[in-house]
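Peer 1: Sequence:
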Amino acid sequence: MNRFIHSLLLLGILSIPTVSNAQFGPGGGGGGMGGWGGGPGGQRGPGQGQDDRKKKEFVPGVDAPEAPKGSAKLSGVLTDSVTNQPVEYATVALINATTGKPVDGAISDGRGKFNLKNLPEGEFKLQYSFIGYQTRNSAPIKLTKNSDLNLGSVILAPDVRLLGEVTVTGQRAMIEEKVDRLVYNAEKDLTAKGGDASDILKKVPMLSIDLDGNVSLRGSSNIRVLINNKPSTIVAASVADALKQLPADLIKTVEVITSPSAKYDAEGSAGIINIVTKKNTLRGLTLNGDIGGGTRGSNLGLNGAYRQGKLGLTLGAYGRAMYNRSSTSLDQTTQTASGTQRTVQQGSSSDHPLFGTYTLGGDYDLKPNESISASVRFGTRNFTQQQNLLTDLYMNNLYLSTTNRDVSSKNLSNSIDASIDYLHTYKPQQELSFSAQMSKANVTNNFTANYLNGGNEILRRQKNLNDNTNQEMVLQADYQTPLGTRQLIETGGKVTMRQVDSESQYLIATGNSEVFTTDLSNTAGSLDYRQGIQAGYVSYTYASRSKYTVKAGARYEHTNIDAFDATGKRLAIPDYGNLVPSLNVSKSLSQTTTLKAAYNRRIQRPFLQQLNPNVNASNPQNISKGNPLLNPELTDNIELSLSTTIKKVYLNTSIFARQTNNAITQVRLPSDSIPGGIVTTFRNVGFEQTLGSNVFANVQLTSKWSINGGVDLYYRTLEGQVAGLDGKSITQKNSGFVIGGRLTTQLQFSKGWGLQANTFVSGPRVQLQGQQGGMYMYSLGVRKDINNKAGSIGLAAENFIGGVQMTSTFSSPTLQQTGVNRMYNQNIKMTFSYRIGKMTFEPRKRKKSSGPSQEEDQG
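Counting from 0, one number per residue, gives the positions in the sequence shown under numbering that gives the first Met the number 0.
Derived by calculation from the structure, the hints in this document are not laboratory data.
Be careful, since some hints might not be right.
To be verified - Okay, derived cross-link-like pairs now, DSSO-like style, lysine-lysine, Cα gap no bigger than 30 Å in a straight line:
id, residue 1, residue 2
1, K187, K568
2, K624, K187
3, K703, K187
4, K624, K703
5, K124, K100
6, K124, K112
7, K229, K750
8, K277, K493
9, K72, K426
10, K493, K462
11, K309, K462
12, K788, K703
13, K783, K277
14, K366, K409
15, K309, K783
16, K251, K568
17, K462, K409
18, K251, K788
19, K732, K703
20, K647, K703
21, K462, K439
22, K251, K703
23, K439, K493
24, K124, K309
25, K72, K187
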């Protein structure tokens with residue numbers, strides 16, 4: 000039976016019109032999407048020759064073999080250079096050393112053995128090739144009559160880079176553009192130490208971060224944020240808070256995926272941001288320490304790693320304290336039945352966030368082709384704020400009253416993420432994996448407000464208590480296998496179970512009393528929300544000889560929801576199912592130029608903060624609450640991009656179009672109960688369309704000096720329902736251009752010195768009822784490596800000339816509002832990092848080879 004199977008495999012290889020080295024990996028000939036070929040432009044991988052004329056490779060089915068006639072024999076065993084395991088079903092070609100034509104061929108068996116018989120006399124070369132390995136050519140071999148030559152163990156080196164990349168210099172670039180994503184190498188950022196993930200994301204092309212830490216991709220805040228390719232409850236509760244909890248020192252890369260394949264969850268209208276943290280592949284015991292202090296924040300980190308034999312362990316603890324001041328001003332006018340009401344407010348605040356992250360991870364090799372890994376992450380957040388609000392109220396231009404209000408807010412949370420993963424590799428790119436994850440976050444968002452008279456005496460007190468629990472369980476299975484040498488199929492299933500519980504109430508007290516009673520003017524609220532998602536997908540990839548790569552897939556997700564309000568009444572939220580297609584096509588126009596096109600459909604389910612029905616009135620003039628009746632939004636994305644390298648310049652440009660139906664958008668409405676108050680909530684407003692372009696360039700001026708930057712420009716159109724003067728809903732439209740950009744330069748000097756400067760600018764952002772203000776950030780940092788790079792000392796400054804100011808305007812038939820937010824966040828910080836321990840190199844472990852969804856080796 001084995002002989003019959005081997006014969007069929009050999010017959011199939013000899014009949015398929017493909018080049019044997021066109022494998023799934025950069026060792027192949029053609030570039031393109033799906034991770035096959037030598038990166039964009041068909042660049043060759045390591046270990047391959049530079050001149051095609053000097054390296055004639057066997058082309059099964061194209062170069063017809065000569066009929067072997069003779070009595071010589073050849074045999075050997077193919078072995079993986081990393082695992083020392085046999086390489087099964089690899090192609091072995093016998094090529095005439097003089098003519099360069101194939102003479103005979105064979106397939107290695109399940110033990111890696113190959114045999115060629117009835118071979119003629121003469122001088123030949125052997126060529127070994129297989130999916131995921133670098134093609135190898137032997138030295139000339141001379142065969143004589145009746146000779147029986149055993150070559151012993153023939154070593155094949157895996158080609159582990161499954162995603163082609165463009166790097167314009169010998170050292171790793173700050174920003175790399177891969178076949179399906181853009182990668183920002185945060186570990187090379189000199190100014191990042193002592194910061195958090197939001198400080199990193201401000202420098203990533205296509206991303207924008209506002210003053211509150213909210214992130215948007217190509218103008219859309221509806222994105223999916225993953226940590227090491229996995230979801231987390233801290234992200235589900237609040238992306239901005241999650242980014243503040245994740246230390247910058249822990250981040251290896253940030254991947255921006257604008258056109259995810261069917262293997263990814265369908266969530267994230269604009270795409271996916273994957274934050275990859277640092278891991279360790281050194282053998283022995285190491286210990287790293289980081290400490291930093293500055294005018295706006297301080298940090299302390301300690302992490303260790305142990306690896307010996309089949310076992311690896313990592314342990315980390317990070318803490319960060321911040322202290323910052325800010326001020327706000329608000330001028331708003333609302334149209335009421337009694338006339339025109341104007342509110343003028345001045346506010347000042349002092350923020351004191353404290354974040355902690357603790358991680359424990361390990362992996363173990365059960366067998367050479369089986370591994371299991373597990374990790375636990377615990378996070379804590381203690382965000383306190385003291386705020387003073389002075390509000391003047393006018394009616395028809397006549398002064399009515401002044402309110403003085405001190406507010407103490409506490410946003411506290413703790414979260415835990417635990418996961419376990421199993422991977423079985425049958426042969427290169429044929430693998431089965433199982434994954435299970437449990438996440439839970441407890442969030443407390445309270446405030447206490449004191450109403451003061453002119454002499455700062457407390458007249459009365461108000462308290463809001465809001466406790467939330469958010470938990471998630473995920474079970475996932477994935478399988479992939481190559482079909483021949485140019486095709487790959489991926490399939491899998493996933494079950495996600497989410498639960499959100501929210502309880503809120505208002506209390507009041509007279510004077511400065513500590514005795515609080517229920518506030519009957521503000522009703523208590525609760526939400527019991529259960530969401531289940533069952534998903535399955537299939538994805539197919541084909542790489543042609545003409546350097547086209549096509550990756551097509553479809554994913555079906557069924558969502559069921561059970562939600563109940565404070566009275567126990569079931570909310571009318573129906574179940575729904577969505578078929579989510581995706582298509583990615585790339586073409587290598589030359590060795591340095593690649594053209595890509597993509598289409599995909601995405602789903603955006605509402606976040607916890609958008610669902611939470613708690614009425615947050617810490618500022619009565621700007622009340623916020625969620626909407627538990629929100630439905631998901633559906634978005635269709637199309638993009639076209641071109642990347643090229645011209646000498647020392649790498650250039651990437653893209654155009655994209657995005658259309659969203661049932662879009663989730665913030666809306667502002669006049670309060671029914673508070674004079675001059677505005678209620679900000681979320682609604683499925685209807686329609687959003689965005690057309691834009693991104694341009695990014697990296698210039699390597701010298702081997703030690705690089706400059707990179709980019710410009711984002713898009714035109715946004717929104718249309719939805721808002722309240723009219725008569726209380727009835729009317730259609731409101733808004734549109735306009737949004738522009739942003741960033742510029743970074745980095746220099747490496749002698750004796751371990753390095754310098755980096757960054758700047759980021761984001762223009763005003765169009766919204767349904769106006770525009771959100773623009774902002775800018777800049778930083779300058781210098782670092783000195785010490786003791787043979789075992790440690791470093793750094794000094795960095797952010798916004799050192801002045802603070803950041805953002806002006807926003809909103810308008811509707813019943814509301815005109817202008818708000819100014821000022822952040823006095825000039826920061827000068829000094830950092831120190833040192834590593835101790837014995838470290839020896841460990842060969843790279845084979846990672847999951849799933850193409851676009853797989854991160855690189857984390858060494």
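Peer 1: Hint by hint, note whether the structure agrees.
Peer 2: Tested hints:
no. : hint        : verdict
1   : K187 x K568 : 53 Å, violated
2   : K624 x K187 : 40 Å, violated
3   : K703 x K187 : 13 Å, holds
4   : K624 x K703 : 51 Å, violated
5   : K124 x K100 : 10 Å, holds
6   : K124 x K112 : 18 Å, holds
7   : K229 x K750 : 40 Å, violated
8   : K277 x K493 : 26 Å, holds
9   : K72 x K426  : 27 Å, holds
10  : K493 x K462 : 42 Å, violated
11  : K309 x K462 : 55 Å, violated
12  : K788 x K703 : 17 Å, holds
13  : K783 x K277 : 21 Å, holds
14  : K366 x K409 : 49 Å, violated
15  : K309 x K783 : 36 Å, violated
16  : K251 x K568 : 47 Å, violated
17  : K462 x K409 : 11 Å, holds
18  : K251 x K788 : 18 Å, holds
19  : K732 x K703 : 50 Å, violated
20  : K647 x K703 : 12 Å, holds
21  : K462 x K439 : 26 Å, holds
22  : K251 x K703 : 21 Å, holds
23  : K439 x K493 : 19 Å, holds
24  : K124 x K309 : 38 Å, violated
25  : K72 x K187  : 54 Å, violated
The structure fails hints 1, 2, 4, 7, 10, 11, 14, 15, 16, 19, 24 and 25 (numbered hints given earlier, in ascending order).
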